[in-house]
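Protein chains: 2
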Amino acid sequence: VSEAGNGELAAIERIRRLLPAAPAGETWIGDDAAVVTGPAGEALLFAADAVVEGVHFDFELVEASDVGWKALAVNVSDIAAMGGRPLQAVVSVVGVGAAMLDELFSGIVEAATEYGCDVVGGDLSSGPCLMVSVAITGTTGERQAVLRSNARPGDLLYVTGALGRSAAGLRALRAASGHLEAPGSRSAPGSGHPSGDAALSHLLSAAYRRPAARVAEGLAASRAGATAMIDVSDGLGIDLDRLASASAVGVVLDTVPVADGATREDALAGGEDYELVFSAGDPDAVSSAFKAASLRPPLRIGMCVQDQNIRRLGAEALPATGWEHRLA
Amino acid sequence: VSEAGNGELAAIERIRRLLPAAPAGETWIGDDAAVVTGPAGEALLFAADAVVEGVHFDFELVEASDVGWKALAVNVSDIAAMGGRPLQAVVSVVGVGAAMLDELFSGIVEAATEYGCDVVGGDLSSGPCLMVSVAITGTTGERQAVLRSNARPGDLLYVTGALGRSAAGLRALRAASGHLEAPGSRSAPGSGHPSGDAALSHLLSAAYRRPAARVAEGLAASRAGATAMIDVSDGLGIDLDRLASASAVGVVLDTVPVADGATREDALAGGEDYELVFSAGDPDAVSSAFKAASLRPPLRIGMCVQDQNIRRLGAEALPATGWEHRLA
Numbered sequence: 012v013s014e015a016g017n018g019e020l021a022a023i024e025r026i027r028r029l030l031p032a033a034p035a036g037e038t039w040i041g042d043d044a045a046v047v048t049g050p051a052g053e054a055l056l057f058a059a060d061a062v063v064e065g066v067h068f069d070f071e072l073v074e075a076s077d078v079g080w081k082a083l084a085v086n087v088s089d090i091a092a093m094g095g096r097p098l099q100a101v102v103s104v105v106g107v108g109a110a111m112l113d114e115l116f117s118g119i120v121e122a123a124t125e126y127g128c129d130v131v132g133g134d135l136s137s138g139p140c141l142m143v144s145v146a147i148t149g150t151t152g153e154r155q156a157v158l159r160s161n162a163r164p165g166d167l168l169y170v171t172g173a174l175g176r177s178a179a180g181l182r183a184l185r186a187a188s189g190h191l192e193a194p195g196s197r198s199a200p201g202s203g204h205p206s207g208d209a210a211l212s213h214l215l216s217a218a219y220r221r222p223a224a225r226v227a228e229g230l231a232a233s234r235a236g237a238t239a240m241i242d243v244s245d246g247l248g249i250d251l252d253r254l255a256s257a258s259a260v261g262v263v264l265d266t267v268p269v270a271d272g273a274t275r276e277d278a279l280a281g282g283e284d285y286e287l288v289f290s291a292g293d294p295d296a297v298s299s300a301f302k303a304a305s306l307r308p309p310l311r312i313g314m315c316v317q318d319q320n321i322r323r324l325g326a327e328a329l330p331a332t333g334w335e336h337r338l339a
Numbered sequence: 012v013s014e015a016g017n018g019e020l021a022a023i024e025r026i027r028r029l030l031p032a033a034p035a036g037e038t039w040i041g042d043d044a045a046v047v048t049g050p051a052g053e054a055l056l057f058a059a060d061a062v063v064e065g066v067h068f069d070f071e072l073v074e075a076s077d078v079g080w081k082a083l084a085v086n087v088s089d090i091a092a093m094g095g096r097p098l099q100a101v102v103s104v105v106g107v108g109a110a111m112l113d114e115l116f117s118g119i120v121e122a123a124t125e126y127g128c129d130v131v132g133g134d135l136s137s138g139p140c141l142m143v144s145v146a147i148t149g150t151t152g153e154r155q156a157v158l159r160s161n162a163r164p165g166d167l168l169y170v171t172g173a174l175g176r177s178a179a180g181l182r183a184l185r186a187a188s189g190h191l192e193a194p195g196s197r198s199a200p201g202s203g204h205p206s207g208d209a210a211l212s213h214l215l216s217a218a219y220r221r222p223a224a225r226v227a228e229g230l231a232a233s234r235a236g237a238t239a240m241i242d243v244s245d246g247l248g249i250d251l252d253r254l255a256s257a258s259a260v261g262v263v264l265d266t267v268p269v270a271d272g273a274t275r276e277d278a279l280a281g282g283e284d285y286e287l288v289f290s291a292g293d294p295d296a297v298s299s300a301f302k303a304a305s306l307r308p309p310l311r312i313g314m315c316v317q318d319q320n321i322r323r324l325g326a327e328a329l330p331a332t333g334w335e336h337r338l339a
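If you read the sequences in order, they're chains A and B. When we follow the working numbering, the leftmost residue of the first sequence carries the number 12, and every step to the right adds one. When we follow the working numbering, the leftmost residue of the second sequence carries the number 12, and every step to the right adds one.
The following block holds chain A by itself, in its conformation from the complex:
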């Protein structure tokens, strides 16, 4: 179960208690993807994530093809955050009109092609609004999956790219559509203003509409010996808090890389950037793994410390705030 906010933590905890414990060698609820045992006894990654109209997107701001892209890409990101690559996806679509179906699936297929994921089935239903639920399988090949829970004090913290583009892009889209606050859509607290530059606005909007999943980066991090990894789906503060809590370490950040056109608040609490945050003990191994894969080097943002209560950004507290899915 992907934990979509602290308001949901109690619910997730209740679900976890209702389910049996995972056997040794498997990881169930509480990571980006579950690590389970496939038919041949091998490790299989398995995850699901739904996007809901009026909660995760708003048709005044995005096209149906964007919704399709995002529904698949956020699931690929869950596999990437384990150091895996995607294999297959099934898609449950509720409440799509016949007119919109092709457009929705064209976005799904574009993302599936981009990430080498086979869309192999699913189902269609009527319903009161558009909901797209994707489930995905993946593999880490010969390597172990990178969990959230194995960061150690002294490990360095990295992020695969600057943050805040998605939140800034959402703001740019709202401004362009003439409403600054879309009902039911997410809003970044303390938001600033997007750059007036049209090219930058376009870039930011694209980051919101069509987020990239960092599959190659996740694999490079795994090869570099990453000890823990998570994708920035809900905000750096809240996602790093999850990694730290799962690993029972504290985190001290020196810096937060803010994307061009985004605010510091966007970068810290905006979410939906889908960059990967990971911990690793050997900076040389990190450099060479990313270089070997022809990837830009990840950005070093801080380190893990022994005291598991610490969440710090420079001299300040690092707030564990971000996008929170509310239970109805």
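Calculated directly from the structure, the hints in this document are not laboratory data. Even for Gly, the Cβ is constructed at its ideal location relative to N, Cα and C. Some clues are possibly wrong.
What the hints assert, rightly or not - Taking CB as the label site, the calculated pair distances span:
1. B/71 x A/34: 21 to 29 Å
2. B/303 x A/51: 22 to 30 Å
3. B/155 x A/34: 22 to 30 Å
Start from chain A and add chain B according to the hints.
Leaving out everything else, chain B in the frame of chain A:
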């Protein structure tokens, strides 16, 4: 993609054309579950099915735990219809209040326990109504999956149990709740009246609220050399039409086994019984496989014929009608 009615066929066909063709040895859209290649190169079954409030269920008639049971059981049934057993499920829940969450998951866990399926993850979201989307993996072990498409002229047709209980149970529940036609809920055309017998009503209602998935029966059918198989999710007429069309054979039924308390129309067009219909060439192999598994023998209902345009029940036409999910 599970085909939920002929009204959906055009949409499913469009989706199929948008997706690349499955490679040799895999089966994607158009069967109960997809047959794909797992991380170790082995066959993996993968399927998804969603249930939506006001479309598939109505809280005036069922409890949240029933919804949880059904959401998981219908997915297990998709695996059973391939001759497989379930491995893992992930669950996306939209629009569940905190108060209902425990009850919903208690039903999910009951079904998961009954069918030996691990619930390993998923996600929670807010939304305008309750929707539960389950995705499931499964395996056929050393055996090949039983597709819909390999029935041959001359094969006998079997069903694993009498039909119509679910439709009759829905009618009994509606009668008990004081409304004969629940808005948005499915209605069996030409319905009769449930028996006044309270025990029978209870049995029928239970068949609607908590359908059984026929995993052991599907495995026995596979061992008996079943050439094609499908679960009766939408109605015998429509589901048998799918099997016949996929296999390019005609079907001639001698009989339709009607469950106690159900009408012939319930049995033909009611759907949601989740019994398995299969074709097989060797009746002795069928008898002995079911006997070896200590299962009641399946009911022989007819046979496959060469002329692929034939859909007959005795002297009459077999109507391909049943529950149809409408696209909004």
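| Hints violated by the structure (listed by number, smallest first) | 1
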